[in-house]
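A.B. asks: So you can see what is in the structure, the chains are spelled out below.
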Amino acid sequence: MTVVIGFEGSANKIGIGIIRDGEVLSNPRRTYITPPGQGFMPSDTARHHRAVILTVLKEALEQAGLKPADIDCVAYTKGPGMGAPLVTVALVARTVAQLWGKPLLGVNHCIGHIEMGRLITQANNPTVLYVSGGNTQVIAYLERRYRIFGETIDIAVGNCLDRFARVIKISNDPSPGYNIEQMAKKGSRYVELPYTVKGMDVSFSGILSFIEETVFAMLVEITERAMAHCGSQEVLIVGGVGCNLRLQEMMGVMCKERGAKLFATDERFCIDNGAMIAQAGWEMFRSGYVTELEDSWITQRYRTDEVEVTWRD
Amino acid sequence: MATETNQETGKLEFFLDVPFPSSGEATVALRSLSPDREPRRGGISKRLSVSGSTLSVRWSADEARVLRVSVNSFLDHLSLVVETMELFGPPVDL
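Protein chains in written order, with the working numbering: chain A, 334 to 646; chain B, 1358 to 1451.
No lab work stands behind these hints: they were computed from the structure.
Hints may contain errors.
Here's a subset of chain B near chain A, in silico, CB distances under 7 Å, partners left out [unchecked claim]: (1) V1385; (2) H1434; (3) T1441; (4) L1444; (5) G1446; (6) P1448; (7) V1449.
Even for Gly, the Cβ is constructed at its ideal location relative to N, Cα and C.
Using the sequences provided together with the hints, build the complete structure.
C.D. replies: What follows is the structure in structure tokens.
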């Protein structure tokens, strides 16, 4: 039996989750929401996380019904993400790891999303579309690495959506993307806008005045291309933008045409959360990974393919 | 606790000594606060060490503004570490 606690705070969500052998025991989370028209800045976000993190940590333990002694490993997000919030969270993880005498484990945020998606959906070996405010990548597992087959050449699709929401002053509560989706459901006219796919990659910065249809179609195309290259019959969508039902619907159509299966998780797990860091930490810890304190620095850039995936064959 | 200019190097220096109840706790703080690197601009560097039950920090910087930001940032981080230790400490004996 292995119990891992995971700390996540690389963007505007702060979450701490506890996993025991594939069971999510607790996963509390708080979101820093800014007024309409404003994005979230690193120092304000760090201040938000600082104010609530110890409360969320207590909640995670209480909701799981566990004491620190029951924890086997402390996992935290090493990167990628915003510097100041990452440091705030890493400080608490390092401190409790030492106080409780438990090993520490730095986790790649993107791999956290992937491992949570695999756990919840039980997809076998899917092509992964990772779409969020900070990241847009098409990923396939091959020989001990999560290979990045395609990605945005400029901004993440979620960043594009968030910036569009800011321009037209849509509320950021609960998230700008959610509110765009609700408004888009009531739309009936399609306006043709620049559709920018370059081979395996996509570009979003030129089309900030887009609507969902164009952007999501671009993502479906590059996912399909990666599936063709890998001979894959499964798609897993992870990351906050993965909550979008229209994206899931469009991806579903493509999958049906190919006889492939589509997997996605709900907002508890596709939006940044602590349990996903715990889950990736659980896999890593059991395959022998540990992070020494001196090496536990956070990093704003951390590519998904930098990690050796020793826990899969 | 004033800032001084090192006559040899021309850099601004700032020293801070933080007492802890025990050397074990000072070391926990040290190991939590030392891994992250200082942002590269402004010629700022800081060094942390523990002596007895005191955590000592020495800063060296080209510009006062950069020094101020780093010290303020460190104090915020230190207070988070101390608060965490108060809530979840003392360290277990290994």
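A.B. asks: If a hint holds in the structure, say so; if it doesn't, say that too.
C.D. replies: The hints, checked one at a time:
1. V1385: Because about 5 Å separates V1385/B from the closest Cβ in chain A, which is inside the 7 Å limit, the hint holds.
2. H1434: For H1434/B, the interface hint holds, since the closest Cβ of chain A sits about 6 Å away, which is under 7 Å.
3. T1441: Where the cut-off is 7 Å and the nearest Cβ of chain A is about 4 Å from T1441/B, the hint holds.
4. L1444: 6 Å, holds
5. G1446: Status holds, d = 5 Å.
6. P1448: 5 Å, holds
7. V1449: 5 Å, holds
Consistency note: the structure conflicts with none of the earlier hints.
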